[in-house]
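For this one, chain A is given, so just place chain B on it according to the hints.
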Amino acid sequence: MNLDYRSLSWRLGLICVVTVVFQIAAVSQVKIFGLNADLVPLVAASVGLILGSLPGAIFGFAIGMLLDLALVETVGVASLILLAIGFAAGRLRELRDPQGAIVPLLVGAAATAAAQAGFLVLTFLLGQPVPFGWALLWDLLGTVAVNAAIAIPVFLVVRRCLIAALPEDPRRRRRRAYTTGGLSPLSRS
Amino acid sequence: MYDRTIRRRRLTLAALVACSLLLLTAYFGESSDGALHGFQRGVFSVFVPIQEGASTVLKPARDLVGWVGDTIDAKGRLGELERSNQNLRARSIAASDALRVNAQLQGLLNFDNAGGLAAAKPVTARVIGQSPTVWYATVTIDQGSDTGIRAGNPVINSDGLIGQVTTVTGHAAIVTLISDGEMAVPARISAGGAEGIVQTGAGGPGDLRLKFIARRYRVDPGAAVVTAGTLANSAGLQSLYPPGIPIGAVTRVDDPGTDAQKIYLHSYADLQKLEIVQVLTAAINGNRP
Numbered sequence: 021m022n023l024d025y026r027s028l029s030w031r032l033g034l035i036c037v038v039t040v041v042f043q044i045a046a047v048s049q050v051k052i053f054g055l056n057a058d059l060v061p062l063v064a065a066s067v068g069l070i071l072g073s074l075p076g077a078i079f080g081f082a083i084g085m086l087l088d089l090a091l092v093e094t095v096g097v098a099s100l101i102l103l104a105i106g107f108a109a110g111r112l113r114e115l116r117d118p119q120g121a122i123v124p125l126l127v128g129a130a131a132t133a134a135a136q137a138g139f140l141v142l143t144f145l146l147g148q149p150v151p152f153g154w155a156l157l158w159d160l161l162g163t164v165a166v167n168a169a170i171a172i173p174v175f176l177v178v179r180r181c182l183i184a185a186l187p188e189d190p191r192r193r194r195r196r197a198y199t200t201g202g203l204s205p206l207s208r209s
Numbered sequence: 034m035y036d037r038t039i040r041r042r043r044l045t046l047a048a049l050v051a052c053s054l055l056l057l058t059a060y061f062g063e064s065s066d067g068a069l070h071g072f073q074r075g076v077f078s079v080f081v082p083i084q085e086g087a088s089t090v091l092k093p094a095r096d097l098v099g100w101v102g103d104t105i106d107a108k109g110r111l112g113e114l115e116r117s118n119q120n121l122r123a124r125s126i127a128a129s130d131a132l133r134v135n136a137q138l139q140g141l142l143n144f145d146n147a148g149g150l151a152a153a154k155p156v157t158a159r160v161i162g163q164s165p166t167v168w169y170a171t172v173t174i175d176q177g178s179d180t181g182i183r184a185g186n187p188v189i190n191s192d193g194l195i196g197q198v199t200t201v202t203g204h205a206a207i208v209t210l211i212s213d214g215e216m217a218v219p220a221r222i223s224a225g226g227a228e229g230i231v232q233t234g235a236g237g238p239g240d241l242r243l244k245f246i247a248r249r250y251r252v253d254p255g256a257a258v259v260t261a262g263t264l265a266n267s268a269g270l271q272s273l274y275p276p277g278i279p280i281g282a283v284t285r286v287d288d289p290g291t292d293a294q295k296i297y298l299h300s301y302a303d304l305q306k307l308e309i310v311q312v313l314t315a316a317i318n319g320n321r322p
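Chains as they are written, first to last, in my numbering: chain A, 21 to 209; chain B, 34 to 322.
Check each hint, because a few of them may be wrong.
If you want a taste of the chain B side facing chain A, the calculated C-beta under 8 Å gives, among others [as the list claims (entries may be wrong)]:
#1 R42
#2 V50
#3 L54
#4 S64
#5 I83
#6 S88
#7 Y250
#8 P254
Quick caveat, the hints were computed from the structure, so don't treat them as lab data.
Glycine included, every Cβ here is placed at the ideal spot set by N, Cα and C.
So that you can see chain A by itself, here it is in the shape it has in the complex (with noise of 0.2 Å):
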């Protein structure tokens, strides 16, 4: 099966931009309990599980950027962290190529968490005031609960916008033992 480069490279680009425009104009707006859902770590790790470490860097950290255009917000952080998070979400998939269901949940609390504390560890480096306390603890890990109750129906959605684009469907392939470092499917294209 042909890789469609052009077909995956502007499904992403559309999953990139659409995924922003809805976290700033809708995702950002509505509370549940006091808390947002942050959809953009979870997408960036949803496209790293998906498809392995390399895409998934180059789309977190192209999101991130995006993020950080339009929010007007120093440009790089976001970058920096969301290329981290797909990139470790696309080794997490070819190393250990996890097919449990839950796994979207879990990869999407710890990218959530893990997209908070790199926030939260680079502004405090970058000399901004952060607002250390219950309040802010409070938020983080609310932020991480609610990502992970979405981070399932975020994870099928990526797939489905993906899944044409793909080499070979994931749906139907087998689990393969590590042997050799592992390959995304690109790779294996």
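For chain B alone, kept in the frame of chain A given last:
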């Protein structure tokens, strides 16, 4: 093939990280008029209309989710708010109660100071019971002989005389009100000095009369009636009531200037709404004027 892929992956990752750090450094290093800031503003200006459009389009979905969230939130807060409401209502009632009691105590204090009753060793008491009959002729107060109250002590509130102590126990006492048929209070018209006795009339409670006023005295409606104190011609009999305590105002006079003149009073104190009272436990100068 595999090595090349690994190398490519590492190179790309390193490039992306370097790019991020470079952007971060450049963004921090340049002024707000710099190229990166300008590019960001450009992207932002492009993004704003998309954002606005998306915000408008997504508003119903946002409202729906918000409504669901608000409903869950509201349900969660309902019990908490109900408890808070109960607490606030109780506090509000307690506060208004305290304000009312405070006003009464302040009134009593002013009354004592103005009437020179502070020397009569007033004992402040709360009305804890009232006669269940329609006549309201007696009330029970929460102070008794332990605080120096004795039978016969006059009882006042901030409006004037209300009665006298008739029964005393250690911690409580019963006060018979001036509206009781058995009560008789030596009184005088404040302005003219005509002396008589305040008693209830045949009409029942609330129908107070000033009796035994000599016909030579002219009494006009509106005149204030106060306690007379110990009369000069009382031949050693001491009045239970200090002089000058307001009792009521004359409302009507029938057959004025005759021996049968009837002087009707309206007591200053509302005898059906008593809450804080004072018992005057000591006589000042034999209750003489």
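_To test your reading of the hints: which numbers does this structure violate?_
4, 7, 8
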